[in-house]
Amino acid sequence: MRKLSQLVIKTFLGPFLLTFILILFILLMQFVWKYLDDLMGKGLDLSIIMELLLFQSTNLVQLALPLAVLLSSIMTFGNLAENYELVALKSSGLSLFRIMRPLIVLIFLIAIGAFFFSNHVTPYANLKSRSLLYDIVHQKPLLEVKEGVFYNGLEGYSIRVGKKDVEDETMHDVLIYDHRDAEKGNSTVIRAQSGRMDKTLSGRYILFRLFDGDSYDEQGAAKRGDPSMPFVRSEFKEMVLRIDLSSFDFKESDEEQWTNNIPMQNLSQLSTTADSLTAQVERRKGAIHSYLQKNLFVTRDSLKKDIVLKTDVHSSIDSLSQKQKERLYRISYNMVNNSSAYLKTAEEDLNNRRIFINKHWNEWHRKFTLSFACIVLFFIGAPLGAIIKKGGLGLPVVFSIIFFLIFHISSITGEKMSNSGSLEPFEGMWLSTSILTPIAVFLTYKAANDSALFDRGTYEKLIKRMLSLPKRDNR
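So for the sequence shown, our numbering puts the first residue at 1; every next one is plus one.
Worth flagging that the hints you see were computed from the coordinates, not collected in a lab. All of these numbers come straight from a predicted model, not from anything done at the bench. Just so it is clear, CB atoms sit at the ideal spot from N, CA and C, and this is done for glycine as well. One or more hints might be untrue.
[Stated by the list, open to error] Below, a list of computed lysine-lysine pairs in the DSS-like style, where the Cα atoms sit at most 27 Å apart:
1. Lys389 - Lys344
2. Lys146 - Lys294
3. Lys164 - Lys90
4. Lys446 - Lys389
5. Lys10 - Lys416
6. Lys325 - Lys294
7. Lys344 - Lys323
8. Lys34 - Lys359
9. Lys344 - Lys359
10. Lys285 - Lys344
11. Lys294 - Lys323
12. Lys164 - Lys285
13. Lys446 - Lys90
14. Lys10 - Lys389
15. Lys389 - Lys285
16. Lys10 - Lys390
17. Lys416 - Lys359
18. Lys163 - Lys90
19. Lys446 - Lys390
[Stated by the list, open to error] With beta-carbon atoms standing in for the labels, derived distance ranges:
20. Leu109 - Ser290: 38 to 48 Å
21. Leu350 - Leu94: 50 to 60 Å
22. Gln293 - Leu53: 51 to 61 Å
23. Phe150 - Asn337: 29 to 39 Å
24. Met466 - Leu53: 25 to 35 Å
25. Arg101 - Leu36: 41 to 51 Å
26. Phe108 - Ala88: 20 to 30 Å
27. Ser420 - Gln293: 49 to 59 Å
28. Glu424 - Ser451: 45 to 55 Å
Between the sequences and the hints, there should be enough to build the whole structure, so can you do that?
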């Protein structure tokens, strides 16, 4: 029996690791293509990019792991059934559950590991990934001068290049406006026939070497246009501009600004925050109730001193004069409008608070749904592989995509319905599991009883029987 367990586990681990790495790589490449423009042209070190991809890959585990479990379980039992190894094991008196038992234990261990990973590693990875991505997106791009276009990325300079020679990295017809002094504006203009750009060994400065050019400097830029102001023009064979690149240095922002975001919290933090927000909602409801008690009724004080009620407030107002009635109606109308506007604002505020609270509970339940999704999808994949009796990457991939789409779409739908208030967070986040669990039970039952669920001949015989029934009745 130990050899059987080892055989089944070895048969499963190969496809599982392969599919998990492949799916994770595909999802990671999707992320790279999404932020490709933000990553290019900023002179980022390879270590920074690899760090970002590492943290982002941990965030994609919640998508890659269930799909890898589903696909590898179908492939494992599909291969066993296709090679008649499953038939041989059953003929020796072993049930399907006994064959699946080593993998059931392994899947439960993976599910437990997925829970701890989701509760401890994922929040930290989300925090690092979000902070690092923010720093990269807001990082200034390095010098990328295009032909015929002014480049303003260097602080204090505007640079235009007429033509660039790619082979020897020489630039022709160079025009530079120096506006480092904001009060003088573009008082210094440099024009050169050619030039080159090089970085210093430390990478702190750019050396702009210009050849055969002129430099124009308006000394009295504050009174530009006055012919009495001095104007300096100088020619040069070679000029070197040293431009500081300290503003392009990559700086990491403070991670504390992201710690309160929902994906960056674990179970205890999410529940504590949700309870605190719920208490705030209750206090807000109390404030609304107090406002309504004070402002929805017209009292004697509301009618001002020049109106004297001869009867009680709750009695008839017929005793009031026409002028007093008009004043009363006007006050009542204004109070109703003010109360209506207040109630609309309060309703929107309460709805936003409820949505925010539901998002916390959604993330709280997500820590568990990943683990249960692995278990449920295994009990779909393993029986399905035993029934279809196909291994490899053909038919198993098709079934995996179908069931994973059901899982993913129902998960997103349930989460959105929970956010909108149509479902409770528990109902919305466990919607996908509740849909797939009956399917898992049904497929496991059929596979345990050797049902020919996908046998075309069975359905052809059933159709022939159904078609032959009317003929027998006619006889």
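Cross-check of the supplied hints:
Using a Cα cut-off of 27 Å, the hinted pair Lys389 and Lys344 is violated, with the two alpha carbons roughly 60 Å apart. With a C-alpha separation of about 67 Å, the suggested pairing of Lys146 with Lys294 is violated against the 27 Å cut-off. For the hint pairing Lys164 with Lys90, the CA-to-CA distance comes to about 74 Å; that exceeds 27 Å, so the pair is violated. A threshold of 27 Å between alpha carbons decides the hint, and for Lys446 with Lys389 the separation of about 14 Å falls inside it, so the pair holds.
With a C-alpha separation of about 40 Å, the suggested pair Lys10 and Lys416 falls outside the 27 Å cut-off, and the hint is violated. Pair hint Lys325 plus Lys294 holds up; C-alpha atoms about 21 Å apart against a cutoff of 27 Å. Pair hint Lys344 plus Lys323 does not hold up; C-alpha atoms about 32 Å apart against a cutoff of 27 Å. Between Lys34 and Lys359, the direct Cα distance comes to roughly 25 Å. Compliance with the 27 Å bound is thereby established for this hinted pair.
Of the supplied pair hints, the one linking Lys344 and Lys359 holds, its CA atoms being roughly 23 Å apart against a limit of 27 Å. Among the hinted pairs, Lys285 with Lys344 is consistent with the structure: their alpha-carbon atoms are about 13 Å apart, no more than 27 Å. With a C-alpha separation of about 25 Å, the suggested pair Lys294 and Lys323 falls inside the 27 Å cut-off, and the hint holds. Restraint check for Lys164 and Lys285: not satisfied, since their Cα atoms lie roughly 67 Å apart, outside the 27 Å limit.
Taken as a hint, the Lys446 and Lys90 pair is honoured in the structure, with Cα atoms around 15 Å apart against an allowance of 27 Å. This hinted pair checks out: Lys10 and Lys389 have alpha carbons roughly 19 Å apart, not beyond 27 Å. With a C-alpha separation of about 60 Å, the suggested pairing of Lys389 with Lys285 is violated against the 27 Å cut-off. The suggested pairing of Lys10 with Lys390 holds, with an alpha-carbon distance near 18 Å, which does not exceed 27 Å.
Of the pairs offered as hints, the one joining Lys416 and Lys359 holds, with about 9 Å between alpha carbons and a cut-off of 27 Å not exceeded. For the hint pairing Lys163 with Lys90, the CA-to-CA distance comes to about 76 Å; that exceeds 27 Å, so the pair is violated. Distance hint between Lys446 and Lys390 is fulfilled; the C-alpha atoms sit about 17 Å from each other, no more than 27 Å. At about 55 Å, the CB distance of Leu109 to Ser290 disagrees with the hint of 38 to 48 Å.
Evaluation of the 50 to 60 Å hint for Leu350 and Leu94 yields a pass: the beta carbon distance comes to about 59 Å. Take Gln293 and Leu53: their Cβ atoms lie about 58 Å apart, and the range 51 to 61 Å holds. At about 55 Å, the CB distance of Phe150 to Asn337 disagrees with the hint of 29 to 39 Å. Range check, Met466 to Leu53: Cβ separation about 57 Å, and the 25 to 35 Å hint is violated.
Taken as a hint, the range 41 to 51 Å holds for the pair Arg101 and Leu36, whose Cβ atoms sit roughly 46 Å apart. Taking the beta carbon of each, Phe108 and Ala88 are about 27 Å apart, inside 20 to 30 Å as hinted. At roughly 31 Å, the beta carbons of Ser420 and Gln293 sit outside the given window of 49 to 59 Å. Between Glu424 and Ser451 the beta carbon distance is about 36 Å. The supplied range of 45 to 55 Å is therefore violated.
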